[in-house]
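Asker: Now for the letters of each chain:
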Amino acid sequence: MLLGRTANGLYWMNRYIERAENMARLVDAGLRMALTRTASSAEEWTSVLLSAGCETEFRNRYDDLSAGPVADFLLRDKSNPSSVMSSIETARSNARMVRTALTRETWESINEAWMSLKRMLADPIDERELPKVLDAIKRETALIRGAFYGTMLRNEIFDFSQIGTFIERADNTARILDVKYYVLLPSISWVGSSLDNYQWESILRSVSAHRSYRWVYEADYRPTNIADYLILDGRMPRSLAFCYRNISQSLNYLDEAYGMRHVCHKTVAETLAKLKVGSIKEIFDSGLHEFLMDFIRDNYRLGDEVAEHYRFH
Amino acid sequence: MVAFDEMLPEPTGLRRPYTGYDGWLKNQDPARLTEKMRDAERVFRKTGITFAVYGEEEAAERLIPFDIVPRIISGHEWRRLTQGIEQRVQALNAFLDDIYHRQEILRAGRVPKELVANNEAFLPEMIGVRPPGGVYTHIIGVDIVRIGEDEFYVLEDNARTPSGVSYMLENRETMMQLFPELFQRIKVRPVENYPQLLRQSLATLRPNGITDAPCIAVLTPGSYNSAYFEHAFLADQMGVQLVEGHDLRVVDGHVAMRTTEGYKQIDVLYRRVDDAFLDPLTFNPDSALGVPGIMDVYRAGNITIANAPGTGIADDKAIYSYMPEIIEFYTGRKAILGNIPTWRCSEPDSLKYVQEHLAELVVKEVHGSGGYGMLVGPAASKKECEDFAKKLAAKPSNYIAQPTLSLSTCPILTEKGLAPRHVDLRPFVLVSDRIQIVPGGLTRVALKEGSLVVNSSQGGGTKDTWVLDD
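Chains as they are written, first to last, in my numbering: chain D, 1 to 313; chain F, 1 to 470.
Just so you know, the hints here were simulated from the structure itself, not pulled from any lab data.
A few of these clues could be false.
Chain F residues, not near chain D, derived (Cβ > 10 Å throughout) [unchecked claim]: (1) Pro11; (2) Gly20; (3) Thr47; (4) Gly84; (5) Thr161; (6) Asp212; (7) Leu337; (8) Glu356; (9) Lys395; (10) Pro420; (11) Ile437; (12) Val453.
Going by beta-carbon spacing under 8 Å, a handful of chain D positions derived as facing chain F [said to hold, decoys possible]: (13) Met1; (14) Arg96; (15) Thr100; (16) Asn111; (17) Glu156; (18) Tyr258.
Built from N, CA and C at the ideal position, the CB exists for glycine as well.
Chain F with its partners taken away, still in its complex shape (with noise of 0.2 Å):
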């Protein structure tokens, strides 16, 4: 199966939006494009655009690989995308405003009710609140795949606190810092109001009653968190403040920060801290990362939380499944961009198939996330197969498949020159009292050759995304 390559599919060649890239590549001396790539190394190194991998030694801080050749779409292509994802997002929040109200959805059989009910994402907690502007997921990052010319499909919705964003921007800096020329002659979106439209997105959804400027701040469980880099970025661009669970508290219903000068009101926080530890009182009793009682003050309507709680059930990979049908229930339309065909091992036909084609298909933890505890079945040995059969054996529910997709490639710069590598797209998407997607995305690729995984914790890397203004 050969896949589908964005600049040069066979037996084509060159695509429309690679051209004017193309033109400007063919003049280019191989030895400086290489002295580029390592001064790109350089400058990620310096400004300390690092992560922490969990569970290695000391928890070194690591680069995420970073390659020079541009992932480009057409201006024409992006419209389409955009229309998809407006869509998709819109069917992701009055879904989360459906479940913890009415729950019509459960009620009309389009969603089974078990699936919300027995399921960890559900915070009853949440049920009967609506945050203001109706909005639950503020930031979502949808992951979305290419397949052939016109095929793109959503592989995840991330609906709780979706990384990467910082990558989207900083790769676009260290671009226009390395190819200035290149930025001259080909007309690509620009991306860097990103943090000033978070901002306004954020501030927009503050709780009723405040009028004067929110205080807003960026929520980090700290300095050795894997994406502390982007929540200090985040907090810096949008000029607020970045807290950690112990700097704040509730003072006369309110959350408050500590400052030199005494404890001061926030009005609406950006948490990059997950569900389970945002309220010591109300979910994890053991949490130090949260503010003991911010729930209350946010049932009482004041403070906004982004995400609020609970919108991990609008993302879930079990509830992935029945986005189609979720899509359609709430917005009349089919959906645009499509789902991957996606077996529930929870139902005993798709277990059997999925049992009998695992050496075919790519299966997954329902709760997981970044890569780990999934299966590749092609590149699996057989015994990784035997063994994940086993884990799959003894709880289905916890499992879904999908086909092994031939992800689209896009050539990455190697020593020996271009060379294709799989990608997949995450474009970020801003909900307040409309929704907003920035041209481009972060571009994640698998470096090594024939490699399906883009996850950086598992040896991916990042491209710049180029949405043509054409």
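Only chain D is shown next, with the shape it has when bound in the complex (with noise of 0.2 Å):
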């Protein structure tokens, strides 16, 4: 038995770890190619900040996009709420909240990522420094990952996390790839300039594929592969397809459970079946970023369907 504030509360304590570390890995994406690509590297920071979806924000209270003030922005800014700080914040007092439904490894490994990146972030970061501070968090994040997976049971209560991880991540890809959908597009596969390789290669980064891509796909980027690796590939971690597949297989064990379905359950094998379709062509035939908006916007919707239905208010 779970109440329902509980399952609210490990459902975002679960998102906001997830997005402190998608957080890293955008800054680091960002990093790269402001590295190798200095001419264009403001072009390429505004596509971190609309993937990290505050781009507004940002402009808002900022003039230069350069690698100082977006990683300040996205990594320290207790006044974005999407900031790894902030989303470090958030996770750990949800987690205090519901600290009997986790184990000790689970939640001392957050209280511990908190007051190591609570330290870490107190003062702005050398660039010098960057490389260092993106690699602690995702170190951190990976710890909470291995503790809650290495000691929680598979009841209930991981269940909602789960969904919380992979409503998240879902998003996060899927954001990832519609900033830059048009780099994807058929037409310009053809080009292969090494713009586009960059472009490509920067999309990679963002997931941390882009090794595996090669293991995969070889050595050549080819823009049709790279969004059926992201979307459809049910073996990649961050795919759509990976996310649906968690999410889904968590419903229906909640599902069976309780003996009781929804309007969630419904959307969540919507999405999949979208997902399951034969190839990526059709998919384009369709309209690549159409494909995404709709995907993000179910995404959205099923995650009010899940915290009506269970009850997290």
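Reassemble the complex: the two chains are provided individually, in unrelated frames, and hints are given to aid placement.
Answerer: Below is the structure:
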């Protein structure tokens, strides 16, 4: 038996842990691009901010589109609710609220991540230290995940956590794709200029897939392959298909445990069906951008439906 | 006035209960002990054993400092203490039952009527209500001070929602992690079954007619409350739900919590929310921490609330001074554990004495707690005494005064080695169909040299408390 408030806390705790990690990854990819292609770095940082979903907020507060201010805004700024620091704070206060539902290892890993990142992000980051800081963020979130998967019982507590993690991750991957969908359109796939290559690599880096891509597709970056990999490949842990397989599994476990189905089960089944299409070509034919827009909207709606059905409030 | 030191009193030297520990301590490298001190702090911080201090900027989470030198009580001393505590707790429950029914003690003139009638802690809503087993206060923390070899006094009864038991448990856990070898050398009675005992005693006092395993929950004001860690800790250790007011509502005459599968009935609520906030329909209408209508469910006998609403009338500081009479009235015997002599400032003669001797006395607010709003005469400046005198004159009945006792000391580890500091003791008592006291308690220690204020909100720390199995 689980309180609705606890399910809500678990869901958001995991969304924010995932968000913190994704933020670090986005900054990492942006930094990489800025280092290799100084000419278009402002453009690259704009993509990063768009993917993070906080471009307007940034522009309201800063003029300078460069590594320093962007990193500051995305990593440290507590007025930005999605910054790494805000995310870790929110994750921890949710964890504190649902503490009785967590193993000691999980709680301590979150608490320690909060303590160490609070220290690390207290002052503006020297650009030379940025890679080290990003590594530390990824390490802390990996430790949380390790403690979580290593010690948590696979029950409803686990399921609500999984749903939070994968709704957030799916949103992140879909946004990254949507911000750059135009570089993935087949029309320019024949060009393969070095500029395109950088863009493609940047997309893959944003989801830590630039190495695993090569294991699957060898060295060639092909936009259709990239789109296929990040949308339909069920083995790629940040793909939309992977996320939805997990969400669907958890929702089905909840249905088995409670014997109650709801509109959220229908939504997840429909989205999953769209991700089981034969090939990426079908998605391109009906429009990649439209596909992603629909996906982001449905994914958002699924979150609301889960919250309502399981009495989060 | 030299305080009685529980380890190394003048002039007799090492006291018996400490011989085993002293033998071990002599062979320890001071550098290693200092390192262990730091380990302890890391453990507490990592685990998040913190408390919030109200009024500080963004309610910072702070650690209660922990000292690694245990406070040791012999089995013999403990047996005497528990007899006194049991007697006192019996009297407290008998007093509550009487006060909310026939009020014999008031009729007999042993406690002044107006002290009860005009007391905010007395809840008219509880008149005629008899909880399961006749138990009003289930969980009690009795604050005890020592001033000599055989001189123990009760400083305060906490019969509402005593806190600190999680520190008793975590302090022991930490000590066992830091010094496993000590526990092999010295037989210390265990305290770690407290959560199981608590759960059993709550279950025992479930509402009549609930035969199955009752559903128990801990009610917390929320994660910003200063004692939130303890609320979560106890719920976790007992394996019950930790609920907030907005998780609960009254459904079909029962209190129910909102779960992912719908509303589920609660039979026993261990509440850590004060009376005033418990039910906005009955008490403070602005409270968002409680459950609208819970008092009706309670009066209908459909939920057990621990501790019962209205128990505060028994631990009120003005009532405290009548405890010797109360104990005698209900148990027919003299109190085994004495009270500290107390001047009630509501009485003109006492007020006069207190006003003339302010610099020697400890003056407390009748309803205060946590060491706030009190004056420690000998430690206060002339100006502080003068300011306090004005407050006292304005509302004498709001204050009681006690002599400044020389609380016993126990050594703590400082950078310069062992140094004596004043301590008190809060054992925890559980009442169901019997009275149980876990052998130990929370020892609070004033870390500042010479200070007598042990409250954690005022710079006090804690120690592990050992009761020897001898």
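Asker: Work down the list of hints and note, for each, if the structure agrees.
Answerer: Tested hints:
With a cut of 10 Å on Cβ distances, Pro11/F stays outside the contact zone with chain D, its closest approach being about 48 Å. With a closest Cβ-Cβ approach of about 31 Å to chain D, Gly20/F is found to remain outside the 10 Å limit, as its non-interface label requires. Here Thr47/F does not stay apart from chain D, with its beta-carbon only about 7 Å from theirs, under the 10 Å limit. At roughly 35 Å from the closest C-beta of chain D, the C-beta of Gly84/F stays outside 10 Å, upholding its exclusion from the interface.
The beta carbon of Thr161/F is kept farther than 10 Å from every beta carbon of chain D, the shortest such distance being approximately 19 Å. Taking the minimum C-beta to C-beta distance to chain D, about 14 Å, the non-interface status of Asp212/F holds against the 10 Å cut. For Leu337/F, the requirement that its beta carbon stay farther than 10 Å from each beta carbon of chain D is met, with the minimum near 36 Å. Chain D leaves Glu356/F outside its interface by the beta-carbon criterion, the shortest separation being 50 Å against a cut-off of 10 Å.
Non-interface status of Lys395/F relative to chain D is upheld: no Cβ of that chain comes within 10 Å, the nearest being about 40 Å off. The claim that Pro420/F lies off the interface holds: its Cβ sits roughly 34 Å from the closest Cβ of chain D, which is beyond the 10 Å cut-off. No beta-carbon of chain D comes within 10 Å of the beta-carbon of Ile437/F; the shortest separation is about 26 Å. Non-interface status of Val453/F relative to chain D is upheld: no Cβ of that chain comes within 10 Å, the nearest being about 29 Å off.
Of the supplied interface hints, the one on Met1/D holds, with its beta-carbon coming within about 5 Å of a beta-carbon of chain F, less than 8 Å. Nearest Cβ of chain F to the Cβ of Arg96/D: about 5 Å, under the 8 Å cut. The hint holds. With its C-beta approaching chain F no nearer than about 4 Å, Thr100/D sits inside the 8 Å limit, and its interface hint holds. Proximity of Asn111/D to chain F holds as hinted, the smallest CB-CB distance being about 5 Å (cut-off 8 Å).
For Glu156/D, the interface hint holds, the least distance from its beta-carbon to any beta-carbon of chain F being 7 Å, beneath 8 Å. The interface hint given for Tyr258/D holds, since its Cβ lies 5 Å from the closest Cβ of chain F, which is under the 8 Å cut-off.
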